[in-house]
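Colleague: Sequence:
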Amino acid sequence: MLELKNIESLILDWSGTIVDDLTTVWDATNYCFQKFGVAPISREQFREEFCLPFMPFYRRYLPTQSLEEIDRYYFERFNAIQDNVGLLPHAREFLDFARSRGLRMFVLSTMDPVVFERLCERLGISHFYEGAYVGIMDKMGEIHRVIQSNNLDPANTLYVGDMVHDIETARHGGVKSCVVLTGFDKLEKLRPAGPDLIVEHLGELRQMFERSLGPRVPQAERRQPIVAVGALIFNPRGECLMVRTPKWNRSWGMPGGKVRYGEAMEAALAREMKEETGLDVRDIQFVMAQDCIEPPEFYRREHFLLLSFACRADATTVRLNEELEDFRWLSPEDALKLELNKPTRIVIETYARLT
84 MLELKNIESL ILDWSGTIVD DLTTVWDATN YCFQKFGVAP ISREQFREEF
134 CLPFMPFYRR YLPTQSLEEI DRYYFERFNA IQDNVGLLPH AREFLDFARS
184 RGLRMFVLST MDPVVFERLC ERLGISHFYE GAYVGIMDKM GEIHRVIQSN
234 NLDPANTLYV GDMVHDIETA RHGGVKSCVV LTGFDKLEKL RPAGPDLIVE
284 HLGELRQMFE RSLGPRVPQA ERRQPIVAVG ALIFNPRGEC LMVRTPKWNR
334 SWGMPGGKVR YGEAMEAALA REMKEETGLD VRDIQFVMAQ DCIEPPEFYR
384 REHFLLLSFA CRADATTVRL NEELEDFRWL SPEDALKLEL NKPTRIVIET
434 YARLT
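First residue of the sequence shown? That's 84 in my numbering, and the numbers climb one at a time after it.
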């Protein structure tokens, strides 16, 4: 695992790392497409195909238009809806933490300089950065200037981004790379690129920094299995709730989370279901316990002891928290037709045999 104790400087991407502008960028891109008579694409297709540097993406759809023509319509729409752009959850707290620990921070981004300055001013975060390198078409061609101009030690510098291009840029600059799952590229694109660290969001990265400041302990002693609870929630129609999260490579599964110290497992289950789905559950029934050792679908190596239950909810209105991105109510038979993570498939099949 990447050692954060000696990190002195951070090079931070902007879009999808610090600010939540994915939907705004997608909207502006489709507006541009429509102006040139090209059909809009879905948000999921945009995430699958968009890349940096971005001209190969636009060449696929707009092969004859110049960058100036594309920019004219793109920024016409982006500027009209830019108030929709805000800080990602945990971003301000991470910036406050990094500043309080004396970490030097620099921004390296393709974001238009005028838009960047306007957003920084509105969001009140300009004071966090020692330098901003923005409007950069190809970040691989700029990272050495960032390092050399600011006398950064590559061995003690961490690049934090959300796209494959960020991983490649960090490698090109000889610095360590960390990617967050809050932005443009999905886990299935990021993992094969070989980042040094994958975190769900900046809040997790902050926690890792905090832990790294403690006494050094051998990894085998430091890491322990995580006790977690999960449940098949059934509605009055007999359908169970399936949810999808970036942490499990966007596979479908049952909602769940960690058991806190001193918390009974059924109390932990009721709390997690409420936090993740907004549902109050009853008639909690234990189904099984299973070892879940370094599941390949999970975004990092972990060892879970998973306590699985079935329960019921009277309501069917689901309110997902920020960890989840989609849900479906399905019969157990139809749920098995989804691309499920392995632990959930085992629970559904086991529950079917027991009932």
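No wet-lab data here; the hints were simulated from the structure. Only a predicted model underlies this, so the values are computations on that prediction, with no experimental measurement involved. All residues carry an ideal CB built from backbone N, CA and C; glycine is no exception. It cannot be assumed that every hint is accurate.
[To be verified] Calculated lysine-lysine pairs in the BS3-like style (CA-CA distance at most 30 Å, straight line): (1) K269 with K341; (2) K272 with K420; (3) K269 with K357; (4) K425 with K357; (5) K341 with K420; (6) K118 with K341; (7) K269 with K88; (8) K357 with K341; (9) K425 with K341; (10) K118 with K269; (11) K269 with K425; (12) K88 with K272; (13) K341 with K88; (14) K357 with K118; (15) K357 with K420; (16) K341 with K272.
[Stated by the list, open to error] Restraint ranges, calculated between C-beta atoms of paired labels, are given here: (17) S414 with P123: 32 to 42 Å; (18) D363 with Q231: 32 to 42 Å; (19) A398 with S125: 48 to 58 Å; (20) T147 with S295: 44 to 54 Å; (21) A398 with K88: 10 to 20 Å; (22) S149 with M371: 55 to 65 Å; (23) H386 with L150: 44 to 54 Å; (24) A398 with G207: 43 to 53 Å.
Colleague: For a C-alpha distance cap of 30 Å, please report whether K357 and K420 respect it.
Modeller: Given pair K357, K420 holds - Cα atoms ~26 Å apart, limit 30 Å.
Colleague: For A398 and G207, compare the CB-CB distance with the range 43 to 53 Å and indicate the outcome.
Modeller: 38 Å, violated
Colleague: How does the Cβ-Cβ distance of A398 and S125 compare with 48 to 58 Å: does it lie in that range?
Modeller: Once the Cβ atoms are compared, 29 Å apart, the range 48 to 58 Å for S125 and A398 is violated.
Colleague: Is 44 to 54 Å right for how far apart the beta carbons of T147 and S295 are?
Modeller: Distance hint for T147, S295 holds at roughly 51 Å.
Colleague: Has the given pair, K272 with K420, been kept, meaning a C-alpha gap of at most 30 Å?
Modeller: 24 Å, holds
Colleague: Has the hinted range 10 to 20 Å been met by the Cβ atoms of A398 and K88?
Modeller: 47 Å, violated
Colleague: Measure nothing beyond the straight line between the CA atoms of K425 and K341; if it is 30 Å or shorter, mark the hint as holding.
Modeller: Distance of about 18 Å is within 30 Å: holds.
Colleague: Within 44 to 54 Å or not, the Cβ separation of H386 and L150?
Modeller: Given range 44 to 54 Å: holds, Cβ gap about 49 Å.
Colleague: Given the hint that K269 pairs with K341, does the C-alpha gap stay at or below 30 Å?
Modeller: 24 Å, holds
Colleague: Within 32 to 42 Å or not, the Cβ separation of S414 and P123?
Modeller: 33 Å, holds
Colleague: Checking one constraint from the list: CA of K357 to CA of K118, max 30 Å. Satisfied?
Modeller: 44 Å, violated
Colleague: Within a Cα-Cα threshold of 30 Å, do K341 and K88 meet the stated pairing?
Modeller: 26 Å, holds
The earlier numbered hints that this structure contradicts are 6, 14, 18, 19, 21, 24.
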